[in-house]
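Undergrad: For the sequence shown, full-length UniProt numbering begins at 1 and goes up steadily by one.
Do not take every clue at face value.
Straight line, CA to CA, 20 angstroms or less: simulated EDC-like cross-link-like pairs of lysine to aspartate or glutamate [stated by the list, open to error]:
hint	residue 1	residue 2
1	Lys253	Asp496
2	Lys253	Asp283
3	Lys485	Glu241
4	Lys19	Glu131
5	Lys260	Glu307
6	Lys508	Glu307
7	Lys237	Asp317
8	Lys249	Glu307
9	Lys313	Glu271
10	Lys508	Glu403
11	Lys253	Glu307
12	Lys19	Asp132
13	Lys508	Asp431
14	Lys161	Glu241
15	Lys257	Asp217
16	Lys313	Glu501
17	Lys371	Glu457
18	Lys377	Asp317
19	Lys353	Asp498
20	Lys463	Asp452
21	Lys490	Glu442
22	Lys250	Asp317
23	Lys338	Glu271
24	Lys443	Glu403
25	Lys249	Asp317
26	Lys463	Glu418
27	Lys485	Glu418
28	Lys430	Glu442
29	Lys430	Glu493
30	Lys456	Glu403
31	Lys443	Asp431
32	Lys260	Glu481
33	Lys377	Glu340
34	Lys237	Glu307
Here are the computed distance ranges between Cβ atoms for each label pair [to be verified]:
hint	residue 1	residue 2	range
35	Glu284	Gln245	52 to 58 angstroms
36	Asp132	Asp498	53 to 59 angstroms
37	Phe393	Glu481	25 to 31 angstroms
Because the hints were derived from the structure by calculation, they are not lab data.
Note that the Cβ used here is the ideal one computed from N, Cα and C, for glycine as well.
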Amino acid sequence: FEETPDYDFLRGLFTKMLKDAGEVDDGVMDWMLPNHGKSREGSAVSNIDSQLDIEAAADIPAITEPNPMTPNSPSISSIHSQFTVVDVFQGQFNFDDDANPPWDDLEAVEENPGKNNLSTPFIRDPRYYFEDGNVILRVREVLFKVHASLLRAHSEDFFNKLRPSLQSEEPTAHRGVRDEDNIIINDIQPSQFRNLMKVIYCLPSNNVVLSRPATNDRQAIVGNFDCYLDIAILSRKFAMEDIQQWARKKLNKLLHKSGKVLSEEFDDFYEYIMPDEDNRLGDEDFKPQTMDCVPVASSYPAFRFMEAIHYAKAVSDNTLLYDTLGVLEYYCINPGHKIEFLLSFLRIADLRKTNPSVFGFLFLLILSRGKLAWVEKAFTRDDRAVLFSVQSFLSPLPAAIKEPIVIPLFTRPARANEFARILSENTECKDRCSEEIFLHWEKTFPAGYYHDVNSKEFSVSIKALTTLPLRRFNFTIRLGEVHCKQCSRKVQEQLDQDMQEVFARLAKYYNVCD
1 FEETPDYDFL RGLFTKMLKD AGEVDDGVMD WMLPNHGKSR EGSAVSNIDS
51 QLDIEAAADI PAITEPNPMT PNSPSISSIH SQFTVVDVFQ GQFNFDDDAN
101 PPWDDLEAVE ENPGKNNLST PFIRDPRYYF EDGNVILRVR EVLFKVHASL
151 LRAHSEDFFN KLRPSLQSEE PTAHRGVRDE DNIIINDIQP SQFRNLMKVI
201 YCLPSNNVVL SRPATNDRQA IVGNFDCYLD IAILSRKFAM EDIQQWARKK
251 LNKLLHKSGK VLSEEFDDFY EYIMPDEDNR LGDEDFKPQT MDCVPVASSY
301 PAFRFMEAIH YAKAVSDNTL LYDTLGVLEY YCINPGHKIE FLLSFLRIAD
351 LRKTNPSVFG FLFLLILSRG KLAWVEKAFT RDDRAVLFSV QSFLSPLPAA
401 IKEPIVIPLF TRPARANEFA RILSENTECK DRCSEEIFLH WEKTFPAGYY
451 HDVNSKEFSV SIKALTTLPL RRFNFTIRLG EVHCKQCSRK VQEQLDQDMQ
501 EVFARLAKYY NVCD
């Protein structure tokens with residue numbers, strides 16, 4: 001090329017490049033006319049591009065009103081079965097600034113693809129990049145070519161949620177027509193968006209109930225939790241109310257009925273099954289960031305429980321909140337967890353303020369590990385000062401932690417009528433139900449528990465409190481045998497409320513040395 005350029009080679013190279021980038025052969029390409037290339041006006045190219053955008057937008061089908069969970073999608077012709085990597089050559093043309101779409105400068109748009117100097121490899125999603133789709137969305141480096149009418153059928157505000165300041169009836173007329181002009185969705189992972197698309201499209205290959213490959217039904221519970229949580233969070237984010245109600249109901253049922261199994265199978269699923277899934281294509285890997293040699297909490301898969309807690313609070317669902325708290329606390333009592341794991345969650349910013357019961361329970365678990373654990377290098381000098389000094393304040397457990405508590409967590413009930421004040425006002429079932437519940441309570445909270453929790457020895461009483469999440473699960477299972485669901489639900493709610501209150505009170509002792 002230094003002496004005599006090989007124009008045949010260049011012609012083939014640039015033809016392929018432009019074709020891959022979605023450009024149309026207008027018969028007068030700059031590289032074909034070297035003597036005229038520099039004089040060609042960028043505005044002319046912009047006009048061609050704008051015309052292509054308008055023509056593509058005209059093909060957007062009208063919005064239909066399908067069933068919220070099973071929208072009709074007659075235009076879907078095929079699904080890609082293999083990954084396709086698209087090298088998007090950006091910065092090819094000298095667009096005039098005035099020709100740029102009006103929402104390019106919004107905060108939601110990370111950058112103007114037309115002004116990048118380097119090519120960026122994007123991955124076309126193997127499941128949800130439809131050839132007959134009419135809007136291209138990008139989550140991280142993965143492209144989804146889907147149908148705008150389906151998205152709007154579930155949420156008229158979908159595109160406004162992506163661009164809050166956009167006041168346009170047809171946002172896809174400006175962006176999302178071609179791979180290089182994709183619409184960026186920030187702050188989520190590709191796998192999360194795929195889970196939402198499973199419900200949007202409801203294709204025959206999508207088994208939303210068993211959304212993950214698993215070796216047994218117990219592990220499938222973890223996959224379902226992961227799927228339902230993603231759908232619930234994203235459907236709320238994009239104002240898809242019907243889908244959110246469905247996912248929230250599924251999440252509630254799973255956590256209440258199978259929370260114990262979810263905790264027990266959680267680590268195995270995320271360690272052995274989840275990494276091998278195609279569904280994780282394009283996701284950001286967990287980064288081993290550390291704070292004083294302690295990994296940040298978000299680097300652990302168990303941070304998903306914190307996301308579920310945040311969601312439950314956002315939608316004001318106390319049942320979902322208490323069930324999720326119970327699952328997280330039961331998960332944390334596993335003695336196999338390293339002390340760094342507990343510390344990483346304890347150090348979540350503002351945790352004691354936003355989730356005092358979680359903070360208090362983590363503090364309780366660290367106390368239960370004993371003095372030998374506290375001298376490990378993961379602890380700061382201030383940490384050790386708190387841990388060693390708090391023993392004198394919690395030996396025995398003070399009345400400020402024990403009272404007032406409605407459910408008998410610290411005083412062994414002598415008679416069944418002690419549960420009567422918790423139950424419904426229906427006197428016909430109150431006596432019968434209180435007797436049933438009393439028998440189940442005695443099996444779950446035997447005399448040995450009360451002996452330990454009231455012990456004057458610090459380590460004994462603290463360890464007794466750490467058994468509460470397991471006892472809660474066992475009691476919940478037994479409550480399922482109570483005939484009156486209204487009464488069993490009332491007792492369950494009271495137990496959850498009082499148990500979390502005890503942990504929240506413990507959180508106040510963290511800075512006792514101050």
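Undergrad: Within 20 angstroms, alpha carbon to alpha carbon, are Lys443 and Glu403?
TA: violated (23 angstroms)
Undergrad: Given the hint that Lys456 pairs with Glu403, test it: the Cα-Cα distance must not exceed 20 angstroms.
TA: Satisfied, since the Cα-Cα distance of roughly 17 angstroms is no more than 20 angstroms.
Undergrad: Would you mind confirming whether the straight-line C-alpha gap from Lys377 to Asp317 stays at or under 20 angstroms?
TA: violated (39 angstroms)
Undergrad: Need the status of pair Lys237, Asp317: alpha-carbon distance at most 20 angstroms?
TA: OK: Lys237 and Asp317 at ~17 angstroms, within 20 angstroms.
Undergrad: Can the restraint linking Lys237 and Glu307 be considered satisfied, given a maximum Cα separation of 20 angstroms?
TA: holds (13 angstroms)
Undergrad: Taking the Cβ atom of Asp132 and the Cβ atom of Asp498, is their distance within the range 53 to 59 angstroms?
TA: Holds - the Cβ-Cβ distance for Asp132 and Asp498, about 56 angstroms, lies within 53 to 59 angstroms.
Undergrad: Take the C-alpha atoms of Lys508 and Glu307, compute the straight-line distance between them, and say whether it is at most 20 angstroms.
TA: violated (24 angstroms)
Undergrad: Given the hinted pair Lys353 and Asp498, is their alpha-carbon gap at most 20 angstroms?
TA: Holds. Lys353 to Asp498 sits at ~18 angstroms (cutoff 20 angstroms).
Undergrad: For the pair we were handed, Lys371 and Glu457, check the Cα-Cα distance against 20 angstroms.
TA: Given that 20 angstroms is the threshold and the Cα spacing comes to 14 angstroms, the pair holds.
Undergrad: Between the alpha carbons of Lys508 and Glu403, is the straight-line distance 20 angstroms or under?
TA: holds (15 angstroms)
Undergrad: Could you grab the alpha-carbon distance between Lys485 and Glu418 and see if it respects the 20 angstroms cut-off?
TA: With a Cα-Cα distance of about 19 angstroms, the restraint between Lys485 and Glu418 holds, given a limit of 20 angstroms.
Undergrad: Below or equal to 20 angstroms on CA atoms is what counts here, so check Lys313 against Glu501.
TA: With a Cα-Cα distance of about 16 angstroms, the restraint between Lys313 and Glu501 holds, given a limit of 20 angstroms.
The structure does not agree with the numbered hints 2, 3, 6, 9, 13, 18, 24, 26, 35 and 37 stated previously, though it agrees with the rest.
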